[in-house]
Amino acid sequence: MRRIGILVFCVVVALLIVIPPMANGYYRSLFYITLLYVALAYGWNVISGYAGYFSFGQVTFFGLGAYVTAIVVTKTPLPWEIGALLGGVVSAAFAVPLGYLMLRLRGPFFALGMLGLARTLQVAANSMGITGGGQGLFLPPGSNALSVYYWTLAIAVLAFAGTWLIDHSAFGLRLQALREDEQVAATLGVHVTTQKVYAFIISAAIPGLLGGGYAWYLTYVNPVSVFSTSIDLQAVAMTILGGIGTVWGPLIGGVLISQISEALAAQYPQAFLMIFGGLVVALLVFLPRGIAPACAAALSRRRARAKPAEART
Amino acid sequence: MSAPLLVVDNVTRTFGGVRALDGVSLEIREGEIVSIIGPNGAGKTTLFNIVSGVLRPTSGDVRFMDRSIVGWSPQRIAAAGIARTYQIARPFVRLSVLDNVAVGALTHERTLERARAAAREVLEMTGLAPYADRPASDLTITQRKRLEAARALALRPKLLLLDEVMAGLTPTEIDAMAVFIEQLRERGIAAIGGVEHVMRVVMKISHRIVVLDFGKTIADGTPAEIAADPRVGEAYFGTSLEEASAS
Ligand SMILES: Nc1ncnc2c1ncn2[C@@H]1O[C@H](COP(=O)(O)OP(=O)(O)OP(=O)(O)O)[C@@H](O)[C@H]1O
Ligand SMILES: [Mg+2]
Numbered sequence: 038m039r040r041i042g043i044l045v046f047c048v049v050v051a052l053l054i055v056i057p058p059m060a061n062g063y064y065r066s067l068f069y070i071t072l073l074y075v076a077l078a079y080g081w082n083v084i085s086g087y088a089g090y091f092s093f094g095q096v097t098f099f100g101l102g103a104y105v106t107a108i109v110v111t112k113t114p115l116p117w118e119i120g121a122l123l124g125g126v127v128s129a130a131f132a133v134p135l136g137y138l139m140l141r142l143r144g145p146f147f148a149l150g151m152l153g154l155a156r157t158l159q160v161a162a163n164s165m166g167i168t169g170g171g172q173g174l175f176l177p178p179g180s181n182a183l184s185v186y187y188w189t190l191a192i193a194v195l196a197f198a199g200t201w202l203i204d205h206s207a208f209g210l211r212l213q214a215l216r217e218d219e220q221v222a223a224t225l226g227v228h229v230t231t232q233k234v235y236a237f238i239i240s241a242a243i244p245g246l247l248g249g250g251y252a253w254y255l256t257y258v259n260p261v262s263v264f265s266t267s268i269d270l271q272a273v274a275m276t277i278l279g280g281i282g283t284v285w286g287p288l289i290g291g292v293l294i295s296q297i298s299e300a301l302a303a304q305y306p307q308a309f310l311m312i313f314g315g316l317v318v319a320l321l322v323f324l325p326r327g328i329a330p331a332c333a334a335a336l337s338r339r340r341a342r343a344k345p346a347e348a349r350t
Numbered sequence: 284m285s286a287p288l289l290v291v292d293n294v295t296r297t298f299g300g301v302r303a304l305d306g307v308s309l310e311i312r313e314g315e316i317v318s319i320i321g322p323n324g325a326g327k328t329t330l331f332n333i334v335s336g337v338l339r340p341t342s343g344d345v346r347f348m349d350r351s352i353v354g355w356s357p358q359r360i361a362a363a364g365i366a367r368t369y370q371i372a373r374p375f376v377r378l379s380v381l382d383n384v385a386v387g388a389l390t391h392e393r394t395l396e397r398a399r400a401a402a403r404e405v406l407e408m409t410g411l412a413p414y415a416d417r418p419a420s421d422l423t424i425t426q427r428k429r430l431e432a433a434r435a436l437a438l439r440p441k442l443l444l445l446d447e448v449m450a451g452l453t454p455t456e457i458d459a460m461a462v463f464i465e466q467l468r469e470r471g472i473a474a475i476g477g478v479e480h481v482m483r484v485v486m487k488i489s490h491r492i493v494v495l496d497f498g499k500t501i502a503d504g505t506p507a508e509i510a511a512d513p514r515v516g517e518a519y520f521g522t523s524l525e526e527a528s529a530s
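Each protein sequence line maps, in turn, to chains A and B. Here the working numbering is used: the first residue of the first sequence is 38, the next is one more, and so on. Here the working numbering is used: the first residue of the second sequence is 284, the next is one more, and so on.
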């Protein structure tokens, strides 16, 4: 079973490597945006799904990565990939003091604190010289979108594999324990603060690494484009729909929602958001824990039914 | 006699105007089973909260193996060898029964696999093995009580604080729990139980009984001494303990 899984995984990744160069610009963008959101959803899933700290501001790190890259590209001769990497490092480093500070807050206070943080950085980017103010920064045009695509594919694959590892590790169990009951986890020997901060660093590094690619893809960054709450909301909706705190949830939800929203936006540009919101709500009414757990439950029911039959033969 | 494992030294804890603990002192030795009895609100849970690091004392000292543990984080205290259960069971409901127990085992096992193996042993011992792969939310109240004990035991503690593990159990289950507590001694684990009015069992399994009332220790002695103390039984249980334990 596991060997088949690894095989399928390798085939899918191989297809994702070979198809886009042959695809036209529209599909290439669709592939890129889908992978971007899948990876963002994986980033959000660690702190919010596994550790249970709902964040509405992980876009902070996405914007940070985008701006760091834009500054590197416009002010130095370095390539954008270095900028994007630096964006990830800066985000991870920023997440350390921020995590110790913000993760004292709980529930809605943490969620709103993170939302406020993203707004604060947006305002800062709007008013500082180095970030180009409200105009933002313009990157060299004629960029090669394929390099951005591969960068994002690599991060998405790493995020998926990393999530699988977390889900099968002591670290993952500790996160889930503190998500369920922080005080009980502590009295069972879990270093709750440290574990939460680790999770937060991972959930900051992933969007931090992705932001630079987005800046290069758009060929500009401004406060509205890279600190937008709607980026966070999409990643949140995808993860919840796919299955929060699961290995497959962000992938399933990410692929599904980006395709649906793409199709809807093309077909009903006016009513798009309304239909989209209604669809997400409807799905969640029927599958409150998301698609991945529902599939897992159905699978284990089938296995349970198959077992006695096997025993008889 | 060996040196005391735990020393609670003149501990006071107030909540606003309420003195939940008022100058409480007690000692517990290795392998000793001590029951703390007292009416509702006497301060039993508060005492456990302080020893396990969930709360800090307003004044006084707590020493474990000759070191003051006041101000230590709960996880540090847990790793040092003090485990506790909660009066109202608090399982990690969305995790499997096995993983609930594996969390505690991670203090001494490096990998998840080894922690789960250790957890399986504890589940065997506590009779929860058949439920290992079920989510903890499936457990009945009684099984949840047992899970509390199993999780704490997975820490391989030297001292186990059992907050009313017998409350709400049927007589048969109470006997099973009593056997479990007596076995702790063979494993070299000391236990303090905050015990509700299951006097029959308390008299039988305890080496020592401490009686708390309104945050004060009003008696501390062997079951026989406590039973003979007229203040204890009549003032706090409305009947003498000898009668209560016979019922
Ligand atoms: N966190 C808290 N905040 C305020 N008051 C508290 C707190 N914890 C305990 N108290 C108060 O301290 C006193 C002792 O409570 P505690 O829970 O320790 O008693 P107990 O002996 O465990 O009682 P029970 O048999 O009901 O479990 C009570 O008056 C209680 O209301
Ligand atoms: Mg209590």
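To be clear, the hints were calculated from the coordinates, so they are not data collected in a lab. Think of the CB as a built atom: it goes at the ideal place given N, C-alpha and C, for glycine as much as any other residue. Incorrect hints may have been included.
[As the list claims (entries may be wrong)] Short derived list, chain A residues pointing at chain B, Cβ under 7 Å:
id: 1; residue: Thr111
id: 2; residue: Thr113
id: 3; residue: Pro114
id: 4; residue: Pro116
id: 5; residue: Glu118
id: 6; residue: Leu122
id: 7; residue: Leu195
id: 8; residue: Ala198
id: 9; residue: Gly199
id: 10; residue: Leu202
id: 11; residue: Asp204
id: 12; residue: Ser206
id: 13; residue: Val227
id: 14; residue: Thr231
>> Hint by hint, where does the structure go against what was stated? Just the numbers, ascending.
In response: Of the numbered hints, 1, 2, 3, 4, 5, 6, 7, 8, 9, 10, 11 and 14 do not hold.
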